[in-house]
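2 protein chains.
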Amino acid sequence: MTRKSVYLFEEGRADMRMLLGGKGANLAEMTVIGLPVPPGFTITTEVCREYQQTKTLSPEVLAQIDEALAKLEQKMGKKFGDSTNPLLVSVRSGAPVSMPGMMDTILNLGLNDETVEALAKATGNERFAWDAYRRFIQMFSNVVLGIPLSNFESILEEHKHRHGFTQDIELQAEHFKQIVPEYKAVVEKFTGKPFPMDPREQLMAAIHAVFRSWDNPRAQVYRKVNKVPDTLGTAVNVQAMAFGNMGEDSATGVCFTRNPNTGEKEFYGEYLPNAQGEDVVAGIRTPYPIAHLKETMPAVYEQLYNMCELLESHYKDMQDIEFTVERGKLYMLQCRNGKRTPIASIKIAVDLVKEGKITKDEAILRVEPDKVVNILHPAIDPKAKLDILATGLAASPGAASGIAVFDPDRAVALAGEGKKVIMVRPETSPDDIHGMVVSQGILTSRGGMTSHAAIVSRGMGKPCVVGCEAIKIDLEARLFTVNGRTIKEGDVISIDGATGNVMAGEVPVVDPELSPEFRTLLEWADEIKTLGVRANADTPKDAALAREFGATGIGLCRTEHMFGQGGYHPERMAVAREMILAETKEERLAALEKLRVMQREDFYEIFKAMNPYPVTIRLLDPPLHEFLPDEEDLAIEVALLREKGASGEELKAKEELLRKVRALSEMNPMLGFRGCRLGMIYPEIYEMQVRAIFEAAAQCNKEGMNVEPEVMHPLVGIVTEIAFLKDLTDRVAKEVMEEYGVTFKYMVGTMIEVPRAAVTADEIAEYAQFFSFGTNDLTQTTFGFSRDDAEGKFLRQYVDQKILPENPFVSIDRRGVGRVVEIACELGRKTRPDIKLGVCGEHGGDPASIEFFHNVGLTYVSCSPYRVPVARLAAAQAAAKARGAKAGAGTV
Amino acid sequence: MTRKSVYLFEEGRADMRMLLGGKGANLAEMTVIGLPVPPGFTITTEVCREYQQTKTLSPEVLAQIDEALAKLEQKMGKKFGDSTNPLLVSVRSGAPVSMPGMMDTILNLGLNDETVEALAKATGNERFAWDAYRRFIQMFSNVVLGIPLSNFESILEEHKHRHGFTQDIELQAEHFKQIVPEYKAVVEKFTGKPFPMDPREQLMAAIHAVFRSWDNPRAQVYRKVNKVPDTLGTAVNVQAMAFGNMGEDSATGVCFTRNPNTGEKEFYGEYLPNAQGEDVVAGIRTPYPIAHLKETMPAVYEQLYNMCELLESHYKDMQDIEFTVERGKLYMLQCRNGKRTPIASIKIAVDLVKEGKITKDEAILRVEPDKVVNILHPAIDPKAKLDILATGLAASPGAASGIAVFDPDRAVALAGEGKKVIMVRPETSPDDIHGMVVSQGILTSRGGMTSHAAIVSRGMGKPCVVGCEAIKIDLEARLFTVNGRTIKEGDVISIDGATGNVMAGEVPVVDPELSPEFRTLLEWADEIKTLGVRANADTPKDAALAREFGATGIGLCRTEHMFGQGGYHPERMAVAREMILAETKEERLAALEKLRVMQREDFYEIFKAMNPYPVTIRLLDPPLHEFLPDEEDLAIEVALLREKGASGEELKAKEELLRKVRALSEMNPMLGFRGCRLGMIYPEIYEMQVRAIFEAAAQCNKEGMNVEPEVMHPLVGIVTEIAFLKDLTDRVAKEVMEEYGVTFKYMVGTMIEVPRAAVTADEIAEYAQFFSFGTNDLTQTTFGFSRDDAEGKFLRQYVDQKILPENPFVSIDRRGVGRVVEIACELGRKTRPDIKLGVCGEHGGDPASIEFFHNVGLTYVSCSPYRVPVARLAAAQAAAKARGAKAGAGTV
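As given, the protein sequences belong to chains A and B, one line each in that order. Numbering-wise, the working numbering puts 423 at position 379 of the first sequence, and it's gapless, one number per residue. Numbering-wise, the working numbering puts 451 at position 407 of the second sequence, and it's gapless, one number per residue.
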């Protein structure tokens, strides 16, 4: 029995992807469910595998192709090479997995000197027919015969030049009639043979070309890099062409089963009569709304409408449909899940559940979490006319307008006068934070998605555009230039952190709103997810926002801001410096005492805002020199003072300060004297913080709240560290409870952010009641990457060149850092089976990372307040996927 | 049947340590083998455990104590409380493991108002007897009765003051007779009872005190920290006192079974007639050589000599023996393995094998590898008279003299004039290396054993003393002061890197020599060890030295020195800068071409020096900014030039350089753009180096040598890095072999120095043919410790406070970093069972680390040339231990 090597579309199914390729299986599925797709057939991947050995097509295969072709002619009522009603086909490759690098599509195969005339007559458009013919020759000659395109382009150019034309569109039928013979001459010159006039010969050559292209170098490289087996092979699809420009009974259009902007359930779309798809796209003629078709071709409209209903029911999602009417006959050219706005994606998913078409799991999986974050921020009014200056990287969503300001101190001054400012810098550093705090948004000309500006802005929930290289900043002159225009300090600009656009002037902005459907979707997400979602919040304001977005706790409350870092409490910086520069323990204790009172107040307010949810407080983490002036600036100041012969007093004070700054300065601060190492060497600092936490908690509990603080010690790597710090914490807790005459629960835990903590997690878990993975630092130490340095120096190239699949500071590196997290989880649970496991790095808000954290079995993730809804959705998706749910069975 | 709770010494054995404690078991062993130890008995640890519950001694135990005491009196011919011949005893605690924190020894128990007179008469030394009595009261009152010592000290002071004395030695018997009643009054005041006169009551109180001390807070903390079970308990040892000062028929002395300085087999020692141990130590009277005893007490001498022979045979090692002759009767007070010089330790170990007393394995285990390194360097003549100024940390062995110089440029200048210089700095940095290169030795006032100066000096094999805080350096005045003396530039000083001594003037030095015994021992080591020992060597000179010391390959040849770093090739720094600052790829390639020719020559010489052993070459590793001027210095220069209104040209050039330095500068260079990341972004740099390596190898092989280079890519963390670099290396190898018309073997491997490389070692091993653990960087990344910063900021306290058991940069952290190494080995072998595994960090020369590396199954360790013999010995010890050998069965 002969093996079946050629399948008519009606003989295939969606699940025959391995045999028919992705495209072939999909065309078959559409045909089978009754869609009027232009008929055709698919030559299987088995034939391709055979072809790689034999370099030829067997007589059995040739016979099956001829048989299928005959059926196709019959079905279409057209014939290959017919001088009045010629069959034209497209030939396309289609492997089981999407795979660039192989042969492109060939359209209009079947045209020759005779059939072109028939096409001209049939369409009443001689120019179209001859243009199609010369395009076919060009395409076929290039991809099948291997003749460089430049040989044809030069002929085209020469003709345009001869007539003084500048654009192809100016060439008419008469010109193409002259060009075609010249094209054919090129072919004859290169191949020694005339261009094939026989459509069957054309078809066979094209099929050979598809199979040959499976082994071309580009495809080979692609398969090697993406680990696609060479034995997979590609299928070949041969499909009848359909034309919408064969007269007033023909048309072409696009429609959607629901409104892709709003998600409303309505039949939506547009079409052009007597036109081809290109005309719709080109926008030369104004298309009619789809409702108009009802009047001009009621039967076709009726058929199309029913087809759309059928399609949505079959695929269980909003469909985007391309159709052509050829002489009153409707053809489906394409049908796919329709692109939609984030808002529409939510409404459609929720409506489909209400209509009983999909499950809640499926609805959850239909919405892209990363897109959702954009609708939680103010957005530019979609109707606004924009004066776009340049486009950078969309680093933190939201839109903002304000006057351009080029340094942080000016930003603070101008904001103090009540002005709205946008801070513009080449890039930002911790020295700029006070300026960022008072700005509406941040724009930088350098840096990537994980640059300082991007991270800090996302944390603050402020719009930010980074790496906008088109703008040339002159800090001294306080201006930037872009494409010949100049923006000076004080000029109003706007930025859109969702698109990366930078605009001149003020733009109208619409406020975000959580639609009822979105609320419903998030409620479903909460039902499905098992991972808790907390927020990183350092202030009562952030805590309130986090609750608004559905956070059920704070996973990371950083305390360095309470020491004045980051410009949040400028007045406290002085006290922190007193503490750091203290000459005696007494002086240090006095400064700490002042800080204790301030911090107690902070913690009280945060506990209150979050009550009754848990709050995890991380003790002081950054190196102390971050609270002091910059060493290089100070050294220059001293050198200049010496040069000027300044008074001994002034010079001496600066020299002394420089000496202290130098004593605290470090070669690699990331790996230096920070985190719990501070608490080990200066226990009085941690003791002060722990006391402030417990005093605030005691006060809250006395007032009837139910506050159970979670004290988190950062950067632990050695069991003796956490043993000592647990003792210190327990002792202070006992003292405070006695002083306040109240008892309450609390937890003591540690961050896991150095690899040693992970491989000794069994020991550490003897003392730590919870682990919180600091995946930012853990990524730095596991890779040996300094985030501050890597981004600008090599990381971007690593991602561009696929040395790394993605930036490991954006999405967790499962293979390496993820493995370290797994080791820590396994060892931690071995000692303490019920250990609470969380994550509080940037990855806590990244959907791909959240899926990993779900799979590892963490208790919660913590992320910036604005990403809490994203995380809720992503956590629900992870849970749904883990129990086998898919976005929808029929999805193509 | 009653449990046996009290053991006479002759009833015990060495292996009854758990029951009798370490001290009790040892006293028993000595008694059993026939040594005349003063008799006594041990109360078991079981009694202690019972005591912790009951807080009392059972009647059975009391009965057994009385019985043992009676036997003791009988054996000694003395009686407790006897007014002519009183028994005096010592009481000591002794747990199964050595454990500080418990009760101290009580000596002379049994003295009271009566027996003191008997003792005075018996010794003919009234002062001794009364001094012993008042010391006994003081000791007993403090440790048994808990009375603070200050109460007794003030009485003693008052008496000295009254007589105008300044030292205790001036007090005579009459004074002590007045002091004793005052002491007793203190006891009565504190306890409400008179000082116990009954020796049995004294003994019982002392036994109770020992058992109580098991649970005192200091002991509890010690057990907690060191994980000693609370249930272990301590034993109590009661032993008769013996006195060497009871007349001319008494004596006390110390002897050794072999010469502890040279190791020669001779009976060696000294003694004093009619004296106590203290007199020998105090050095007031000149002792006689032991041979003299033969004349004065021939029988005793004979007995002692035979006993020494017996002891050495029993313990199979040279013994250090303390003895006392009380009225013609010889007593062994102590016997232990004798301390000895490193040279003696080697000779004794080798001689003992030749005498058939121990095995080669045992001999290997008898020599401390860490001490051996000192005898490989020039040493100060032991007979020299030294003018010691101060003592610092002995950071790198060897002795050197030269003129003091305070900055590296002056050092280079003065060395250029043919002067020998010692560079003196507060601490050193990479900027000082050219000065270190030309110096005889290095002295710093700051820094520890892993400071820059220490590490670089050890690598260079130069004497170095660090952290010598007593010297106060004034860099501007070019001098240092120490204890009121001033050493100026040009003054001759000497340093001893084996002791840390700093001396004024030149000192006579003796050259090291590898004694025949040492050569023999190292040959045995090579027979036993399975771990290969290679050297870290960057120059032909180092390579030759390494071979001299027995290295069988180079495990790490750093190439950055060949770029001019470290002052080895100052002329190349300019070329390296050309390469780094190149504006175009052409400029960079031109500079690289120059470097290629230079490096090829270097590699050729190194291959030749090491032929036929393997050479592992690490490609460029440090960040590029290390080859450029210091950013802060440059910024100050620019600021001053601006201030002075310097010419536009000069300022512009400096500003441009500063801009480039800033562009390359990094927040955390340790985690930055270095290692193979350089080779990934600038493949032309690595390609140049690989080409130079293969060209040199090709040349060598053409000349008949058998060179198989091992190309090592540093800092790999991602499989795609090594995949790319392996391809690059293989391609260049093929090209060079074709060009030279020669083929040879080579290997491509990687360093494992970031945790990600360890957890993905299975992937990496698909491309890497060998791993070399860079344990310095791996320790930094696994702990999240920057070595440059940690040492001065917190690491020393961590070690002092036992937060870490030892400095992990000196001895590998087995629990954490070691675990990461194990993971990498397991995964690497999974992919490539025969993978070559080495280590090339500082740990490669540390004996404790070497034992770990042996156990993990590495192929080789690599260390600085001077440590090669140390490593050979340590590797042999590890192999011997692994197969169950011990230093010697009888060792106590």
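Hints were generated in silico from the structure; no laboratory data involved. Careful, some of the hints might be misleading.
Copies of the same chain look alike in the list, so a pair counts if it works inside one copy or between any two.
[Said to hold, decoys possible] No more than 25 Å apart at the CA atoms, straight line, and that leaves these computed lysine-lysine pairs for DSS-like:
| # | residue 1 | residue 2 |
| --- | --- | --- |
| 1 | Lys688 | Lys698 |
| 2 | Lys930 | Lys398 |
| 3 | Lys696 | Lys516 |
| 4 | Lys516 | Lys698 |
So, going through the hints one by one against the coordinates:
1. Lys688 - Lys698: Both, since 14 Å and 21 Å are each at most 25 Å.
2. Lys930 - Lys398: within (18 Å within a copy, 79 Å between copies)
3. Lys696 - Lys516: For Lys696 and Lys516, only the inter-copy Cα distance (21 Å) is at most 25 Å; the intra-copy one is 40 Å.
4. Lys516 - Lys698: between (36 Å within a copy, 23 Å between copies)
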